[in-house]
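When you get a sec, could you build the whole thing from the sequences and use the hints?
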Amino acid sequence: MSTVSTPTQIAPTPGYHPSRIDGLREQHGRLAWLLVLTGLVVLAAGCFLSWSYDPEILGNLSISFNPGSLQLFMLTAAVLALVYALAYRGPLRGLGVWIDSAKALMVLGIGALGFMAITLAVVAVTSSGLINIDPGGWVSLVGSLVLAVGGSLLERRPTKDTLHAQLPAWVEIGTIVVLMAMLLFGAAYALGQTDGNIFGLFLVFVVAVAWSLFAAGFFTWLGIVAQRHRRVLMLGAFAVAFLFPFTQNGSDANMSIATQVLIFAATALGLNIVVGLAGLLDLGYIAFLGAGAYTAATLSTSAFATIGWKPPFLVVVLLGAIVAATLGLIIGTPTLRVSGDYLAIVTLAFGEIFRLSMSNLDGNNGPDLTHGPNGIPAIPDLQIGSFNFGDEHTILGFSLGRFANYYFVLLVLALVIITVFSRLNNSRIGRGWVAIREDEKAAEAMGVNVFGLKLFAFASGAFLAGMAGTVKAHQDVSVTPDQYVFLESAFLLAAVVLGGMGTVAGVFIGATILKLLPEKLRFISDYRLLIFGVLLVLMMRVRPEGIIASQRRQLEFHEEDEALAERIEEVHLEEEAQT
Amino acid sequence: MTVTHSAPAAPPADGGAVILQASGVIMRFGGLTAVNSVDLTVREGEIVGLIGPNGAGKTTFFNCLTGLYKPTEGQVIFNGAVLPPKPRAVVLAGMARTFQNIRLFNNMTALENVMVGRYCRTSSMALTSIFRGPKFRREEAATRARAQELLDYVGLGRSSELLARNLPYGDQRRLEIARALATDPKVLLLDEPTAGMNPQETRQASDLIFKIRDSGIAVVVIEHDMRFIFNLCDRVLCLVRGETLVEGSPTQVQSDPRVIEAYIGTGDDDEDEGAST
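From first to last, the protein sequence lines are chains A and B.
Position in the first sequence (first residue = 1) + 16 = our numbering.
Position in the second sequence (first residue = 1) + 23 = our numbering.
Mixed in with the good hints, there may be bad ones.
Straight-line distance between alpha carbons at most 25 Å, and here's what the computed PhoX-like set of lysine-lysine pairs gives [said to hold, decoys possible]:
(1) B:Lys234 x B:Lys209
(2) A:Lys326 x B:Lys209
(3) B:Lys209 x B:Lys109
(4) A:Lys457 x B:Lys209
(5) A:Lys457 x B:Lys158
No lab work stands behind these hints, which were simulated from the structure alone.
Spelled out as structure tokens, the structure:
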């Protein structure tokens, strides 16, 4: 880690004293580049040899000249390293002006080293003995080590600001499309892995590559491009999400996870209005999801439903949302007048009150509305017209199972929530929210309806969660109080904070990480609280604005950072000049 | 001073109609009486100065006028109606203010800051914002245009896309005035608009205040810069220890020995200004 953090200090600041690594870099500049080349060639060569004696481990890594999937990952890394190396010195110099290829090489080398170390460790442990590692594995390990050392010794060069990179629009749009396609296939591949080890190593590989691209400055450029082609990006992301079920061949296993992720993400996005836009800390948000779910359950055609009225589903969606929003208003009216900490405590308590009420409305204490801890089981699948969501349907030769059907409904719901989110954000109301976050007193003195806007954020967040809850009830088949414990609220909040408060993409990424990892990595699910806790602490230390930061939030978290402010301003002006 | 073109007009003796009348305003914090039955009358098209040593209760009085504090006693009549002590109601009625220590929305651009000022004069609510109907587009465009116009008016037209926190100090003061003007006020309350400014910026500020006055908005100014205030104001009110010491034309106040004594005579004016916002 310590070597990774050094490059940030190598900015040409006045009064900077060269450290030892700088001296090394000056002395061995030429050697370092050769080391990098050697390293990546050795790494690639190792991938064509056998890594493991046992063909049963980690896919099949035991056949020489027929690389298995893990070996293909490292080949890809080697190719990427070659591109960086040639950008540093060689025919791709033109590219090298823009990207920090030295730093990228170092990060990629360290990532590859980590990947190889974990792979070999897994081989050794699973087949009990280092002897089972074939020479190819060692070759690649050494290759990655040489690559990492070479990369760290390369002399750092200043790069031009990618903001001023003028590329034809089709290249930019092409990049987005390619990335989206990679996302789709990556997701399909990752979900297709039944072996937790391969899944974990795939993640290591993805993180290593992404981090090296980040170090190279690729994501800075991508951020600018994404702003320029916002529509394309939105459309692309939606297309990927839409096409995903078609890659699953009607298998329900992964679609079940995908729908859970989507429900979680949609709910987190609703919470993001409350937390990210209005800046209110809500620790009981899951109760609103529960309110929607219970509304749908009691109004469903389940034999255990307690209310006789069976309205059509669209009415139920609306009712669930209204019930949740009403709860939001009831809880918000007295508490939103006080400052944030109190609100957090009151919402925390409200979440628990909701859960306890649901498990007590069983006929013994008060009316029998929810059947208490047993909940309402056997909620039938949705039926809209002649389309039953429980049945498998075949479209264009692709079969789509039960979960795929719900997935599409949830996708539409997510789209609605995204629209509400982003349109509110870019409106008079959104400006009011920012003003309240920035300086509540000043906002009030400028005539902003502080209390009203807070209450509105609270209620609209609850409304959207209620909508999601109605779908969740049908998809989950049963509704019980223990689905709506405090921990779920905490996870929703973690997804928002981790992904990036106030952004759509960030929350989706955060929700995916928090929901997908425990599903796929069983060993994580035992320690998930510990791991996510550590992850959040690290995140707060390293990047408090979240994985994908909204510009405003980034500024708020880095009040002292003048360079950042000027940079964002520059992007602003650039955009202004283009429109 | 060489501001010849904007020398104060002769104070309209009883010329304009009374727009703001505060009577018997008392503000107590526990045992401390920060403002003790202060009366203030502002007429249309008038610039009134509020002076006094530190801790005299000037800012507290401002806070009472604008509803940030609920005065213990006394009432504020604006345009013939009693103002409830709520900031929003005060702004809606037509009284806007700036702050002694600049309180801009730092991470918003200059333009967005002024657009927030338009909040209370626009009405797009949730559904209009979500469905983006014609009303929303029209209002949004009008808000933007008006904000830009106001930035031009205070001389910040070229800085509209800059973040408020990156603006130079003097520009931040002017941006705060533009934001207050965006609420379409009839009375503008300025709390030390030239604090920390150099002479040139101070001159620009007084030109701007004259310009605002000429557009029909009454202005109340708190200031410590005596030359600035006596050049600017039609009438000056001197507060000492929460009470009105003198009220009159600049010449009257300037020559009053009690004012001079209040400022330099005694040495025990060093209590905190309990009302600092």
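Problem - Restraint check for Lys326 (chain A) with Lys209 (chain B), where alpha carbons must lie at most 25 Å apart - result: Cα-Cα ~57 Å, so violated.
Handout entry: Given pair status - Lys209 (chain B), Lys457 (chain A), alpha carbons within 25 Å
Key = Answer holds: Lys457 (chain A) to Lys209 (chain B) is near 21 Å, not above 25 Å.
Handout entry: 25 Å Cα cutoff - pair Lys457 (chain A), Lys158 (chain B)
Key = Violated, at about 29 Å.
Exercise for the section: Starting from Lys234 (chain B), check that the Cα of Lys209 (chain B) is at most 25 Å away, please. Expected result: holds, 14 Å
Practice task
For the pair we were handed, Lys209 (chain B) and Lys109 (chain B), check the Cα-Cα distance against 25 Å.
Solution key: holds, 17 Å
In the structure shown, a violation is registered for the earlier hints numbered 2, 5, in ascending order.
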